[in-house]
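*Asks:* Based on the provided sequences and hints, a complete structural model is requested.
2 protein chains.
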Amino acid sequence: MDIGVLGTGSVGQAIATRLADLGHSVVMGARDAANETAAAWAEANGGRAGTFADAASHGEIVINATAGVHALSALAAADGGQDNLAGKVVADVTNPLDFSGGFPPVLSVANTNSLAEQIQAAFPEARVVKTLNTVTAAVMVNPDLVPGEHVLFLSGEDPAAKKTVAGLLGEFGWPAGRLIDLGGIRSARTAEMYVPLWVSLYQALGTANFNIAIVKAEAEEDEE
Amino acid sequence: MDIGVLGTGSVGQAIATRLADLGHSVVMGARDAANETAAAWAEANGGRAGTFADAASHGEIVINATAGVHALSALAAADGGQDNLAGKVVADVTNPLDFSGGFPPVLSVANTNSLAEQIQAAFPEARVVKTLNTVTAAVMVNPDLVPGEHVLFLSGEDPAAKKTVAGLLGEFGWPAGRLIDLGGIRSARTAEMYVPLWVSLYQALGTANFNIAIVKAEAEEDEE
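Note that the protein sequences, when read in sequence, are chains P and D.
Count the first sequence with this note's numbering and you get residues 114 to 337, in order.
Count the second sequence with this note's numbering and you get residues 114 to 337, in order.
Keep in mind that the hints were calculated from the coordinates and are not lab data.
Do not rely on the hints blindly, as some may be mistaken.
The list cannot tell twin chains apart, which means a pair is met if one copy fits it or any two copies do.
Result set (SDA-like, lysine to any residue): computed pairs, CA atoms no more than 20 Å apart in a straight line [said to hold, decoys possible]:
(1) K329 <-> E262
(2) K329 <-> Y315
(3) K276 <-> G297
(4) K276 <-> P237
(5) K329 <-> P260
(6) K329 <-> A153
(7) K329 <-> A250
(8) K329 <-> L258
(9) K276 <-> E238
(10) K329 <-> Q316
(11) K329 <-> L318
(12) K329 <-> L292
(13) K276 <-> P288
(14) K276 <-> G290
(15) K329 <-> R291
(16) K329 <-> F285
(17) K276 <-> G296
(18) K329 <-> G319
(19) K329 <-> D257
(20) K329 <-> A251
(21) K329 <-> V264
In this text the structure is predicted, and so the values were computed from the model without any measurement.
*Replies:* Structure follows, in structure tokens:
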């Protein structure tokens, strides 16, 4: 598939590299067409580098892997006044982490709204799916790094878009049975609000290579 | 031990009943000394019923199981102008859930503050420990209801208070190895912010009797 990856940081690099390894045609987008990180990635991985708009116009799927606090402006650049995002599946994997007060970060939007909801509202014709934001980059693209039946969440309004994203996650190594559909885009705020706990756990566990599994009581049997 | 339980709802009932069954001397506190729910609980379980202040003055440990949005006023009544909370271990198990906009709820405080931090700030001599807020009442007092190595979190400034609370949790059935110390009271906001995801999962799973387990990568071996 033709996929645009917005962002040249660790998450963008991990996802773009995995997608290229899987045989997809990837354009890594940056704010500046001359971005050296993107150019180096393209050179090393057989993809292309370009602007955010180049990546978005290339992709049937556009993956937002920019820093969360800059995501809306990056997506505006990606849309480029040409509706590059209209009708596209936009997988939003970012978190609105605000480090301006130091570590640990707070969220720049939370509780009554979320980054994913803001993106969906700003680009109503985009088919936004929130996912992957609850694990570190290495685990996103290689879930077997962590043992056990750990899970990912998906939120979004468009069932077909969620199915498309679930297919890509399957290629990354996430079995369908470990993908939990939380519901519409509003539910993305609950996955984003988990991330401060993720940061606490990162500190408590001393590693970023972890995830959560869901365990539940056996269903009660119906009495006859 | 002498324990005061503030609140007569499902969480207060579950915890007070379990504590009484374990042989502790429990006073269930309500805003009104004539609260019929508390009186019925005391009659059925061999404890006592009283005001918030009665429960707090009785307890070496005070458990805040009031509705989160009323917790600060309940604790002010419990303190009673007599410093009933000073020096006490206050286990805060509530969530600041605001249902005024319907279901799902939002949090009445989040992100840059938390209910537990507000309680610690309002009662600086209380030894506040946040815990148990991430599971439903039945699982709080009977973790074996859910299979597997699922976990609880503790946050607070006072290591001895956390140890006391961990001891009670052990009596409930939580092994020490499944208690994760997230750090100081600030970290309570991250456990509180998980709760909206809990609500999403409750909807997705169709049961409240679940919890999360943490899985992590094997530690990398040192190369020789």
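*Asks:* Decide, hint by hint, whether the structure agrees.
*Replies:* How the hints compare with the structure:
In this assembly of identical chains, K329 and E262 lie within 20 Å of each other by CA distance both inside one copy and across copies; the values are 13 Å within and 11 Å between. Taking identical chains as interchangeable, the C-alpha atoms of K329 and Y315 lie at most 20 Å apart only when they sit on different chains, with a minimum of 10 Å there against 24 Å within one chain. For the homomeric pair K276 and G297, the shortest alpha-carbon distance inside one copy (13 Å) is at most 20 Å, but the shortest distance between copies (41 Å) is not. When the C-alpha separation of K276 and P237 is checked against a cutoff of 20 Å, the pair qualifies only within one copy, where the shortest distance is 19 Å, while the shortest distance between copies is 51 Å.
In this assembly of identical chains, K329 and P260 lie within 20 Å of each other by CA distance both inside one copy and across copies; the values are 18 Å within and 7 Å between. Taking the closest pair of Cα atoms, K329 and A153 never come within 20 Å of each other, the shortest separation being 46 Å inside a single copy and 32 Å across copies. Proximity of K329 to A250 under the C-alpha cut-off of 20 Å is restricted to the inter-copy arrangement: shortest distance 14 Å between copies versus 27 Å within a copy. When the C-alpha separation of K329 and L258 is checked against a cutoff of 20 Å, the pair qualifies only between copies, where the shortest distance is 8 Å, while the shortest distance within a copy is 24 Å.
With identical chains, the CA atoms of K276 and E238 are at most 20 Å apart within one copy only, with a shortest distance of 17 Å there and 53 Å across copies. In this assembly of identical chains, K329 and Q316 lie within 20 Å of each other by CA distance solely across copies; the values are 13 Å between and 26 Å within a copy. Within a single copy, K329 and L318 get their C-alpha atoms only as close as 23 Å, which misses the 20 Å cut-off; across copies the closest is 9 Å, which meets it. For the identical chains of this complex, K329 and L292 are neighbours both inside a copy (16 Å) and across copies (18 Å), given an alpha-carbon limit of 20 Å.
In this homomeric assembly, K276 and P288 come within 20 Å of each other (Cα to Cα) only inside a single copy, at 13 Å, whereas the closest approach across copies is 40 Å. Taking the shortest Cα distances, K276 and G290 sit within 20 Å of each other inside one copy (13 Å), while across copies they are farther apart (38 Å). Taking the closest pair of Cα atoms, K329 and R291 come within 20 Å of each other both inside a single copy (14 Å) and across two copies (16 Å). Taking the closest pair of Cα atoms, K329 and F285 come within 20 Å of each other only across two copies (18 Å); inside a single copy the shortest separation is 26 Å, beyond that limit.
Proximity of K276 and G296 under a CA criterion of 20 Å is satisfied intra-copy only: 13 Å inside one chain copy versus 39 Å between copies. Taking identical chains as interchangeable, the C-alpha atoms of K329 and G319 lie at most 20 Å apart only when they sit on different chains, with a minimum of 10 Å there against 27 Å within one chain. In the homo-oligomer, the alpha carbons of K329 and D257 lie at most 20 Å apart only across protomers (10 Å), although the nearest pairing inside one protomer, at 22 Å, exceeds that limit. Proximity of K329 and A251 under a CA criterion of 20 Å is satisfied inter-copy only: 12 Å between copies versus 27 Å inside one chain copy.
For the identical chains of this complex, K329 and V264 are neighbours both inside a copy (13 Å) and across copies (12 Å), given an alpha-carbon limit of 20 Å.
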